[in-house]
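For the protein sequence lines, the chains are S and B, in the order given. Mapped onto this note's numbering, the consecutive letters of the first sequence carry residue numbers 1 to 264. Mapped onto this note's numbering, the consecutive letters of the second sequence carry residue numbers 1 to 350.
None of these hints come from the bench; they were simulated from the model. Heads up, a few of these hints could be off.
In silico DMTMM-like pairs for lysine to aspartate or glutamate, Cα to Cα no more than 25 Å straight-line [unchecked claim]:
1. B:Lys-272 x S:Asp-122
2. B:Lys-216 x S:Asp-122
3. S:Lys-259 x B:Asp-246
4. S:Lys-239 x B:Glu-188
5. S:Lys-239 x B:Asp-140
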Amino acid sequence: MKIICLIKYIPDVENFKYDYERNVLVRENVRMILNPDDACTVAFALKRKDQYPDTVIEVVTMAPQSIIPQLEDLLRLGVDHASLISDKAFVGSDTYVTSRILGRYLREASFDCILTGTHTLDGDTAHVPSQVAELLSLSQMSNVVEIDEAAFCRERAIVEAEEELTFGTYEIALPAVISLRKDRKYKLPYIRYEELSRDVKDRIQIIDNDVLGFAQEEVGIIGSLTQISSTFVKSMEKKKRIIVRNDDEGIDLVYSFLKERGFV
Amino acid sequence: MKKVLIYYEQKQHKNSIELLAVARLIYGGTSADEEHTEAYETYGVSLEPTGSEANGLFDFLIQICGDSAQRERRALAPCQEHDQDNSPGCDALYMTSILAELQQEYQFDCILFPATHMGRMLAPRLAMRLQTGLVADVTDIRYKDGIMEIVRPAFSGKLMAGILSRTAPLMMSVRQNVFSYDPGRLTETRLISYTPKTASSEGLRLLKVREKEASKDIRDSDILISGGGGVMRDFKKLSDLAGELDALVSASRKTVDHGIAPRSIQVGQSGKTVSPKLYLALGINGSIQHIEGLKNVEYMIAVNTNKNAPICSISDIVVEGDAKEFINKLTEKIRKEKSKEARNEFAFQK
Ligand SMILES: Cc1cc2nc3c(=O)[nH]c(=O)nc-3n(C[C@H](O)[C@H](O)[C@H](O)COP(=O)(O)OP(=O)(O)OC[C@H]3O[C@@H](n4cnc5c(N)ncnc54)[C@H](O)[C@@H]3O)c2cc1C
Chain S
1 MKIICLIKYI
11 PDVENFKYDY
21 ERNVLVRENV
31 RMILNPDDAC
41 TVAFALKRKD
51 QYPDTVIEVV
61 TMAPQSIIPQ
71 LEDLLRLGVD
81 HASLISDKAF
91 VGSDTYVTSR
101 ILGRYLREAS
111 FDCILTGTHT
121 LDGDTAHVPS
131 QVAELLSLSQ
141 MSNVVEIDEA
151 AFCRERAIVE
161 AEEELTFGTY
171 EIALPAVISL
181 RKDRKYKLPY
191 IRYEELSRDV
201 KDRIQIIDND
211 VLGFAQEEVG
221 IIGSLTQISS
231 TFVKSMEKKK
241 RIIVRNDDEG
251 IDLVYSFLKE
261 RGFV
Chain B
1 MKKVLIYYEQ
11 KQHKNSIELL
21 AVARLIYGGT
31 SADEEHTEAY
41 ETYGVSLEPT
51 GSEANGLFDF
61 LIQICGDSAQ
71 RERRALAPCQ
81 EHDQDNSPGC
91 DALYMTSILA
101 ELQQEYQFDC
111 ILFPATHMGR
121 MLAPRLAMRL
131 QTGLVADVTD
141 IRYKDGIMEI
151 VRPAFSGKLM
161 AGILSRTAPL
171 MMSVRQNVFS
181 YDPGRLTETR
191 LISYTPKTAS
201 SEGLRLLKVR
211 EKEASKDIRD
221 SDILISGGGG
231 VMRDFKKLSD
241 LAGELDALVS
251 ASRKTVDHGI
261 APRSIQVGQS
271 GKTVSPKLYL
281 ALGINGSIQH
291 IEGLKNVEYM
301 IAVNTNKNAP
311 ICSISDIVVE
321 GDAKEFINKL
331 TEKIRKEKSK
341 EARNEFAFQK
């Protein structure tokens with residue numbers, strides 16, 4: 001069985017600072033990390049490969065070439081191939097264009113199932129998995145918290161998805177796109193000591209626009225259908241506040257505040 | 001006359017109806033920044049048989065019917081017949097085809113989805129099918145020099161971005177619970193039955209539905225006792241205070257990421273947007289992503305060891321100190337006052 005994990009590397013957003021004085025985002029020295037939801041897809045695929053060694057795993061990502069060391073680490077964990085889609089022409093693409101680029105590669109690729117994350121910590125539009133599925137005319141399910149491992153086969157998958165008020169269990173005919181959501185069940189293992197310095201370069205392929213053949217005006221910022229026209233910080237309305245301490249006086253004040261407004 | 005199509009999910013009635021407020025902001029001249037009016041009419045579309053709830057709100061209600069829709073409903077109904085009412089969502093691949101057919105027929109200028117589980121799968125598919133741009137998780141619409149900007153959080157929510165959509169139809173998924181719709185006068189909804197030409201894809205089948213345990217929704221509570229990194233070790237204590245105030249417990253993402261609180265009670269950009277009358281923020285720092293989830297909160301009390309934490313600047317009362325100690329003291333105080341009242345009442349009755 002061949003599984004493709006469609007993954008994204010994102011800036012380590014927790015350490016992403018906004019400079020309120022200069023009104024700019026501080027992006028220097030920001031580390032790139034594997035988006036947590038996406039890491040789950042690789043973790044699931046590796047777990048499956050442990051049980052069924054004939055499982056073949058390919059990770060596909062669109063990123064600058066500087067991400068290669070991180071892809072090498074995934075290969076050292078047991079991923080079979082990494083495909084890096086990378087071209088200067090693709091920089092600045094919105095989700096619509098990104099989906100088309102990925103879709104064009106995937107149309108030629110072979111797979112039984114595509115796994116993706118549901119959300120990314122940076123853009124968080126969740127558009128790409130659905131749009132890739134649309135381009136490939138496949139079914140897709142988001143917010144999947146569990147894939148039934150025993151039932152997972154070339155023909156179908158049984159998955160549980162978290163919806164607003166319920167969890168729904170679905171049977172999906174494969175090939176399809178299954179989008180996971182971060183869960184403790186699926187965690188990436190550590191690289192084994194003897195693998196740490198293994199040379200895996202020959203298992204990475206780089207795919208650029210010479211291969212995919214988009215016209216210049218179809219991709220990047222020019223090809224994008226949406227465009228950011230302004231950014232602003234949401235101003236918080238400051239309040240005239242009372243500051244008290246955690247002593248009897250403070251508690252009494254909080255209590256009367258609640259009492260006066262009918263909360264107790 | 002502009003035409004707006006709204007994806008109506010019966011199970012998410014309120015969040016679907018909120019989209020009428022967005023249509024009003026786009027065409028109805030209710031945007032805060034600049035007046036912009038154009039005549040428009042609204043179309044709701046639903047795969048589920050819609051009840052009377054949607055009546056009087058849309059100008060038109062398109063009801064998908066016919067053979068394939070019935071087959072689809074059956075395919076999506078869980079195995080037990082009696083559970084049919086609980087059938088959530090449907091096959092986005094099939095629904096996309098239906099919506100594309102409707103677009104062909106009606107030529108909508110604008111298509112809106114609630115940013116629900118289903119809406120977020122469906123909107124990007126349809127946008128791809130129609131080759132049009134889509135803005136996700138919209139939180140506001142504003143006009144600048146007659147040009148519409150669609151507002152959503154960007155850069156991990158550290159900023160808001162105004163986005164221009166360069167293509168038609170205009171498509172958005174709309175953040176839940178951010179907009180509220182007051183219909184004013186009810187309109188007369190005209191029903192349209194639509195039989196799709198496309199057959200169901202049959203690639204997806206719903207096998208069963210499980211209700212979530214935490215059935216109480218933090219969005220419905222007037223009072224929220226919310227805990228963050230500063231009360232992580234004593235998170236369970238929050239429910240003592242919540243019990244006394246008839247409130248629900250909510251949380252910041254820090255506690256959720258640490259597995260201490262369930263995701264369903266997370267407030268913020270990647271959690272829920274809430275509008276309680278009273279928000280008690282215990283050991284919460286007040287990151288932009290957290291504040292993003294607070295909409296029309298009437299009163300706010302923050303308890304924090306650092307009185308300069310960002311949350312404090314938007315609070316009515318700041319209690320400088322340890323959150324656990326505060327919970328204990330306030331819970332005790334409320335209990336004491338309640339029993340005093342009870343005693344007085346008892347004395348009075350005597
Ligand atoms: C894309 C993205 C989306 C996000 N979405 C959300 C979201 O939806 N919701 C959300 O909440 N966060 C979200 N975050 C995370 C957010 O940036 C913060 O990391 C998070 O809100 C911090 O949680 P906190 O304030 O509870 O914890 P901390 O940052 O750890 O703050 C703890 C606070 O408690 C105080 N404190 C410490 N000890 C005590 C004590 N004993 N008693 C009282 N006070 C004490 C501290 O002074 C501090 O103010 C998101 C981040 C990203 C990048």
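Results for each hint:
{"no.": "1", "hint": "B:Lys-272 x S:Asp-122", "verdict": "holds, 18 Å"}
{"no.": "2", "hint": "B:Lys-216 x S:Asp-122", "verdict": "violated, 30 Å"}
{"no.": "3", "hint": "S:Lys-259 x B:Asp-246", "verdict": "holds, 14 Å"}
{"no.": "4", "hint": "S:Lys-239 x B:Glu-188", "verdict": "violated, 44 Å"}
{"no.": "5", "hint": "S:Lys-239 x B:Asp-140", "verdict": "holds, 23 Å"}
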